[in-house]
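Kindly produce the complete structure, drawing on both the sequences and the hints.
Chains as they are written, first to last, in the working numbering: chain A, 608 to 659; chain B, 126 to 849.
In case anyone wonders, no lab produced these hints; they're calculated from the structure. For every residue, glycine included, the Cβ atom is placed at its ideal position computed from N, Cα and C. Treat the hints with caution; some may be incorrect.
Stated by the list, open to error - Simulated coverage check for chain A against chain B, where a stretch passes if three residues somewhere in it have a Cβ under 8 Å from a Cβ of chain B:
id	segment
1	616-630
2	641-651
To be verified - Simulated restraints, written as ranges between beta carbons of each label pair:
id	chain 1	residue 1	chain 2	residue 2	range
3	B	Q731	A	D651	57 to 63 Å
4	B	E615	A	V633	51 to 57 Å
5	B	T451	A	A645	29 to 35 Å
6	B	R545	A	G623	34 to 40 Å
7	B	D456	A	D651	54 to 60 Å
8	B	R807	A	Y613	46 to 52 Å
9	B	Q709	A	S650	32 to 38 Å
10	A	I617	B	G262	47 to 53 Å
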Amino acid sequence: MEVLAYLIPISLFLGGVGLVAFVYTVRSNQYDDPEGDARRILSDEWDDKPKP
Amino acid sequence: MAQLSSGTAACPGCIAAPAVPARPIPQDTQIALSLPGIHCSACIATVERALNATPGVEDARVNLTLKRAMIKAAPDLRATDLIPVLENAGFEAHELDPGALSATQADKAGRDLLMRLAVAGFASMNVMLLSVSVWSGASDATRDMFHWISAAITLPAIAFSAQPFFANAWSALRVRRLNMDVPIVLAILLALVTSLWETTLSGEHAYFDAALTLTFFLLAGRYLDYRTRAAARSAAEELTALEVPRAIRVAVGVEEEVAVATLNVGDLILVRPGGRMPVDGEIVSGQSELDRSLLTGETLPVFAEQGATVSAGEVNLTGPLTIRATAVGEDTSLHRMADLVAIAESGRSRYTSLADKAAKLYAPGVHILSALSFVGWYIYSGDIRTALNIAAAVLIITCPCALGLAVPAVTTAASGRLFRKGMLIKHSTALERLAEVDTVVFDKTGTLTSGIPELTSLGDHSRADLEVALALAEASSHPLSVALTKAAREAGIKPATLKDVTEVPGYGTEGTYRGQRVRLGRAAWTGAEEGDQTTAWLAIAGQAPSAFLFSDTLRPGAADAVQALREAGKEVILISGDTQGAVQALAGKLGIQNWIAQALPQDKAQHVEALRDQGHHVLMVGDGLNDTEALAAAHVSISPASALDAARVASDIVLLGNDLSPIADACDTAAKATKRIRENFRIATVYNIIAVPLAVVGLATPLIAALAMSTSSITVSLNALRVR
Numbered sequence: 608m609e610v611l612a613y614l615i616p617i618s619l620f621l622g623g624v625g626l627v628a629f630v631y632t633v634r635s636n637q638y639d640d641p642e643g644d645a646r647r648i649l650s651d652e653w654d655d656k657p658k659p
Numbered sequence: 126m127a128q129l130s131s132g133t134a135a136c137p138g139c140i141a142a143p144a145v146p147a148r149p150i151p152q153d154t155q156i157a158l159s160l161p162g163i164h165c166s167a168c169i170a171t172v173e174r175a176l177n178a179t180p181g182v183e184d185a186r187v188n189l190t191l192k193r194a195m196i197k198a199a200p201d202l203r204a205t206d207l208i209p210v211l212e213n214a215g216f217e218a219h220e221l222d223p224g225a226l227s228a229t230q231a232d233k234a235g236r237d238l239l240m241r242l243a244v245a246g247f248a249s250m251n252v253m254l255l256s257v258s259v260w261s262g263a264s265d266a267t268r269d270m271f272h273w274i275s276a277a278i279t280l281p282a283i284a285f286s287a288q289p290f291f292a293n294a295w296s297a298l299r300v301r302r303l304n305m306d307v308p309i310v311l312a313i314l315l316a317l318v319t320s321l322w323e324t325t326l327s328g329e330h331a332y333f334d335a336a337l338t339l340t341f342f343l344l345a346g347r348y349l350d351y352r353t354r355a356a357a358r359s360a361a362e363e364l365t366a367l368e369v370p371r372a373i374r375v376a377v378g379v380e381e382e383v384a385v386a387t388l389n390v391g392d393l394i395l396v397r398p399g400g401r402m403p404v405d406g407e408i409v410s411g412q413s414e415l416d417r418s419l420l421t422g423e424t425l426p427v428f429a430e431q432g433a434t435v436s437a438g439e440v441n442l443t444g445p446l447t448i449r450a451t452a453v454g455e456d457t458s459l460h461r462m463a464d465l466v467a468i469a470e471s472g473r474s475r476y477t478s479l480a481d482k483a484a485k486l487y488a489p490g491v492h493i494l495s496a497l498s499f500v501g502w503y504i505y506s507g508d509i510r511t512a513l514n515i516a517a518a519v520l521i522i523t524c525p526c527a528l529g530l531a532v533p534a535v536t537t538a539a540s541g542r543l544f545r546k547g548m549l550i551k552h553s554t555a556l557e558r559l560a561e562v563d564t565v566v567f568d569k570t571g572t573l574t575s576g577i578p579e580l581t582s583l584g585d586h587s588r589a590d591l592e593v594a595l596a597l598a599e600a601s602s603h604p605l606s607v608a609l610t611k612a613a614r615e616a617g618i619k620p621a622t623l624k625d626v627t628e629v630p631g632y633g634t635e636g637t638y639r640g641q642r643v644r645l646g647r648a649a650w651t652g653a654e655e656g657d658q659t660t661a662w663l664a665i666a667g668q669a670p671s672a673f674l675f676s677d678t679l680r681p682g683a684a685d686a687v688q689a690l691r692e693a694g695k696e697v698i699l700i701s702g703d704t705q706g707a708v709q710a711l712a713g714k715l716g717i718q719n720w721i722a723q724a725l726p727q728d729k730a731q732h733v734e735a736l737r738d739q740g741h742h743v744l745m746v747g748d749g750l751n752d753t754e755a756l757a758a759a760h761v762s763i764s765p766a767s768a769l770d771a772a773r774v775a776s777d778i779v780l781l782g783n784d785l786s787p788i789a790d791a792c793d794t795a796a797k798a799t800k801r802i803r804e805n806f807r808i809a810t811v812y813n814i815i816a817v818p819l820a821v822v823g824l825a826t827p828l829i830a831a832l833a834m835s836t837s838s839i840t841v842s843l844n845a846l847r848v849r
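Shown next, in the form of structure tokens:
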């Protein structure tokens with residue numbers, strides 16, 4: 608059962624990473640236009656580099 | 126939204142610094158446009174390409190979810206310059222007021238909810254992981270440790286993410302009332318307290334995961350609700366399609382363009398042909414005709430000259446007018462009427478939503494049940510710990526996860542569907558009320574018709590007359606002239622050669638044809654008798670004047686909408702402020718048997734109220750100031766995007782596009798949505814009927830609670846998706 612000493616902190620850490628990543632996506636306006644983003648990805652206008 | 130704030134926000138240091146009397150730095154303007162017609166990636170690309178190719182546009186970005194375009198542009202560019210660009214590209218566009226887009230604030234509330242939702246979600250995942258190991262057999266010290274870790278995650282997570290519920294419950298309790306949030310908060314708190322107690326005593330059952338999933342599901346419902354309504358409300362309120370934000374002020378012979386808000390009583394204002402009166406006033410110089418259709422519903426333009434009074438909202442048709450302002454801003458008759466609407470609107474709060482009805486039954490029931498099981502078990506076992514555990518289990522199991530999701534999940538799905546068809550649902554109970562509608566009252570001018578005249582009597586005239594009329598009409602930009610030109614050109618008529626063609630503002634155009642004076646214009650000016658239909662008269666010296674009759678063109682989809690509504694068994698009524706003949710003609714064209722002409726604004730409202738008193742549920746569709754009272758009095762109301770601001774504010778649903786046909790579809794969707802909401806309540810009840818007895822007799826475990834809660838929430842959400 609000693610393995611729990613590693614596993615529990617690891618699982619908490621990974622959960623935390625997920626939360627931080629989500630907070631980052633919210634802060635960078637990635638949920639402002641979900642429908643538009645879903646369509647934009649199909650357009651090849653900005654395939655080479657992201658829109659400036 | 127970020128683009129919006131970056132354009133206006135200055136750094137704090139700049140604000141704090143003393144004002145330097147430097148030259149004004151030309152700042153980029155933000156323009157926001159509503160684009161009801163966009164729906165695919167090709168639309169996004171076309172719109173952005175068209176906008177970016179326009180000189181002065183620095184950056185344009187389309188938001189497909191909100192059907193909007195945000196444009197960063199040079200300071201002198203106006204939305205009115207961009208709308209034709211988009212119309213050429215095949216897209217309908219309306220101006221939105223970027224200053225009124227409370228994006229930053231609204232977005233803050235939305236993000237706040239989203240953050241809480243995220244924290245609750247991630248915390249519940251972690252806790253669920255630990256709970257699953259407890260349920261699958263962890264015991265003794267391991268179980269206690271898992272419980273303690275769960276507690277360490279749950280307590281701060283709940284303290285952060287359940288705050289909206291705490292705040293709502295507290296504000297209800299403070300005025301000694303119960304709302305849906307009171308049982309929620311009680312369940313969460315009781316679950317935490319008993320679980321902590323159990324944990325300290327090395328007990329078997331802890332409900333940390335239940336408290337968190339409960340918060341998560343309920344926040345999801347709140348967020349859906351918020352998101353649908355915030356998007357709709359902001360767009361509906363910020364449509365400035367027909368507002369006059371700018372006016373031309375004449376001061377000491379100099380004309381300057383100023384914001385309407387800065388006008389004062391006594392200012393001289395120049396209103397060019399095609400412009401809308403920004404204030405109430407008196408005409409100081411100039412002659413013209415005024416289109417009052419938005420205020421009164423009459424399509425016939427009214428002659429106006431020096432000394433006549435004008436009201437804000439009227440449209441100047443032919444000649445430039447200089448007016449002296451007699452009432453500005455909130456004192457204009459336009460605004461006073463709008464204020465009346467605000468008072469009338471309070472009547473709508475009488476409607477109790479399905480969710481409120483459910484909450485009224487639900488909240489006391491749950492509390493009584495939980496209290497009874499606590500008392501019962503305390504008497505039976507004499508052990509307060511067992512009794513409290515069972516009471517907590519009852520509260521958690523009955524907790525309104527499914528109820529909390531039942532309404533928002535359905536309204537989100539239904540509003541999304543209607544939004545894609547070009548309708549914005551502004552009011553939270555609008556769909557429920559729309560589902561009950563059995564009578565539909567339409568306004569005529571601007572609602573069923575587009576307000577653009579169409580020549581109907583082309584065949585009654587000789588070719589020679591038509592050629593003269595066309596030559597005269599081409600010299601004017603009056604709507605009737607434009608309609609005549611269009612019809613004659615389409616019929617292949619060539620204009621006659623005239624000499625000395627001049628437009629006399631307010632009367633018409635005149636010229637010389639083969640040495641004779643010819644006139645096209647108002648009845649009195651051409652020597653004809655005034656009729657009750659929209660008419661332009663052609664007078665050729667030595668001949669009796671001949672009449673060119675016009676009727677309003679139908680809005681696209683008007684016939685379909687009326688027919689579909691009638692087929693759905695709804696009574697359709699047409700009430701207009703226009704003349705008998707015009708209303709009768711339109712009613713006949715659309716097959717509406719029940720029509721009323723020359724109705725004053727009060728008549729419209731009274732008629733709607735009379736219908737209501739007869740037990741009908743009335744849907745009012747209107748756009749003008751004369752409709753606002755009726756819109757507010759009706760059970761539910763719809764106005765097109767081109768409607769006057771006051772009318773849009775008074776209505777529950779705004780039609781974004783030009784097309785009327787979504788109205789019938791909306792009634793259908795609303796009926797379906799209400800059916801789903803009722804189904805969802807039934808699903809939630811059935812699940813409670815199964816689970817509650819288990820909890821009351823003490824057989825419920827955290828595993829059963831978690832299973833029941835998730836399955837019911839998911840069933841309800843899936844059921845809601847069927848509306849799409």
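Hint check:
| no. | hint | verdict |
| --- | --- | --- |
| 1 | 616-630 | holds (count 8) |
| 2 | 641-651 | holds (count 7) |
| 3 | Q731/B with D651/A: 57 to 63 Å | holds, 60 Å |
| 4 | E615/B with V633/A: 51 to 57 Å | holds, 55 Å |
| 5 | T451/B with A645/A: 29 to 35 Å | violated, 53 Å |
| 6 | R545/B with G623/A: 34 to 40 Å | holds, 38 Å |
| 7 | D456/B with D651/A: 54 to 60 Å | holds, 56 Å |
| 8 | R807/B with Y613/A: 46 to 52 Å | holds, 48 Å |
| 9 | Q709/B with S650/A: 32 to 38 Å | violated, 52 Å |
| 10 | I617/A with G262/B: 47 to 53 Å | violated, 21 Å |
Hint compliance for this structure: hints 5, 9 and 10 are not met, and every other hint is.
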